[in-house]
Amino acid sequence: MLEASDRAAFQRLARDELGGLYALARRLSGRDAEDLVQEALLRACRSFGSLRDHQAGGQWLRVILTNVWRDRVRKDSRGPAEVPLDDVEQFSLYRTLVEEDPFPYSDSLHLDFLGSFSENDVHVVLQRLPPLYRAPLVLRYMEGFSTKQIARVLELPLGTVLSQLHRGRKLFERALWDYASESGVMSETVAGREDARCTR
Amino acid sequence: MHQMISCTSAVERLWAYLDQELGDEDSAEVEAHLAFCRRCCGELEFAKHLRRFLADQDDGRMPTAVRAQLDRFIDDLCEPADEGDTT
Numbered sequence: 001m002l003e004a005s006d007r008a009a010f011q012r013l014a015r016d017e018l019g020g021l022y023a024l025a026r027r028l029s030g031r032d033a034e035d036l037v038q039e040a041l042l043r044a045c046r047s048f049g050s051l052r053d054h055q056a057g058g059q060w061l062r063v064i065l066t067n068v069w070r071d072r073v074r075k076d077s078r079g080p081a082e083v084p085l086d087d088v089e090q091f092s093l094y095r096t097l098v099e100e101d102p103f104p105y106s107d108s109l110h111l112d113f114l115g116s117f118s119e120n121d122v123h124v125v126l127q128r129l130p131p132l133y134r135a136p137l138v139l140r141y142m143e144g145f146s147t148k149q150i151a152r153v154l155e156l157p158l159g160t161v162l163s164q165l166h167r168g169r170k171l172f173e174r175a176l177w178d179y180a181s182e183s184g185v186m187s188e189t190v191a192g193r194e195d196a197r198c199t200r
Numbered sequence: 001m002h003q004m005i006s007c008t009s010a011v012e013r014l015w016a017y018l019d020q021e022l023g024d025e026d027s028a029e030v031e032a033h034l035a036f037c038r039r040c041c042g043e044l045e046f047a048k049h050l051r052r053f054l055a056d057q058d059d060g061r062m063p064t065a066v067r068a069q070l071d072r073f074i075d076d077l078c079e080p081a082d083e084g085d086t087t
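So the protein lines, in turn, are chains A and B.
Per this note's numbering: the first sequence = residues 1 to 200.
Per this note's numbering: the second sequence = residues 1 to 87.
These are calculated hints, taken from the structure and not from any lab test.
For each residue, glycine too, the CB sits at the ideal point set by N, CA and C.
Keep in mind that the hints are not guaranteed to be accurate.
Non-contacting residues of chain B with respect to chain A, defined by C-beta distances greater than 10 Å in every case (computed) [said to hold, decoys possible]:
1) Ser6
2) Ala28
3) Glu45
4) Ile74
Mimicking DMTMM-like on lysine to aspartate or glutamate, the simulated pairs with C-alpha atoms at most 20 Å apart in a straight line are [said to hold, decoys possible]:
5) B:Lys48 <-> B:Asp71
6) A:Lys148 <-> B:Asp58
7) A:Lys148 <-> B:Asp24
8) B:Lys48 <-> A:Glu119
9) B:Lys48 <-> A:Glu155
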């Protein structure tokens, strides 16, 4: 499949980028991360000869993985569901925290709220978002793609990507609040603070 | 003088403003609003925190077994065809 001269270069690139690819796959698809990485590597191996700038190999692999994920979502007969924004449009996590004041003794309420989430909590919250809105959010704010790159890789008009990003952010804020309310992460943080105060 | 915009309209555009995705006119309207609205300045600061929060997530640590499996997969991909698995 690979020319002899390319084998070592592809192997090195794939191994170097494996951690980042797996992280992206996990963020995009949750459970199927390993399988997604394998299919992306297979596709990349077939077209490695077309990669001109090996310095850009990491980004090239991430684009391929996103393409594989996009194709899978399209094949899914249910298709990516749109979410009416009316429910979340008026929601502001910033204002909700001020009004609900979950950390009454905090002088950095908003940061303390975000600090109460473990990395796994955030992963769970992201997986609650429909793929249609999760993908642009992950690609833009976790992977550092520009909105134009996202439009290219997801094969969507730029305006659609911007709209999905807006909805994705709103849904993410709402999902963070809902998760925190259900899971008790905020009360754990408050209990931890009170323990710390008692032991002083 | 820029057109005055509401808090809702300003908050809607904050992330796009931080992403430098807004045109000059829209950016100027957001800035004019932020100049007098303390609450929206709070929203702006929180938007910055939330973006950093997302960027700082390191949630992709691979289980050792998965790493080993994927390393083997890469090795297999890079194996010369005539030395491949013949089973």
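Each hint, compared with the structure:
Distance check on B:Ser6: its Cβ is at least 13 Å (rounded) from any Cβ of chain A, clearing the 10 Å threshold; non-interface status holds. The claim that B:Ala28 is not at the interface with chain A holds, since no C-beta of that chain comes within 10 Å of its own (minimum 19 Å). With a closest Cβ-Cβ approach of about 8 Å to chain A, B:Glu45 is found to fall inside the 10 Å limit, against its non-interface label. Residue placement check: B:Ile74 does not keep its beta carbon more than 10 Å from all beta carbons of chain A (closest about 5 Å).
For a cut-off of 20 Å, the pair hint linking B:Lys48 to B:Asp71 is broken: about 37 Å separates their Cα positions. As the CA atoms of A:Lys148 and B:Asp58 are separated by approximately 25 Å, the hinted pair breaks the 20 Å bound. For the hint pairing A:Lys148 with B:Asp24, the CA-to-CA distance comes to about 18 Å; that is within 20 Å, so the pair holds. For the proposed pair B:Lys48 and A:Glu119, the alpha carbon gap of about 19 Å is at most 20 Å, so the pair holds.
At roughly 28 Å between alpha-carbon atoms, B:Lys48 and A:Glu155 are farther apart than 20 Å, so this suggested pair is violated.
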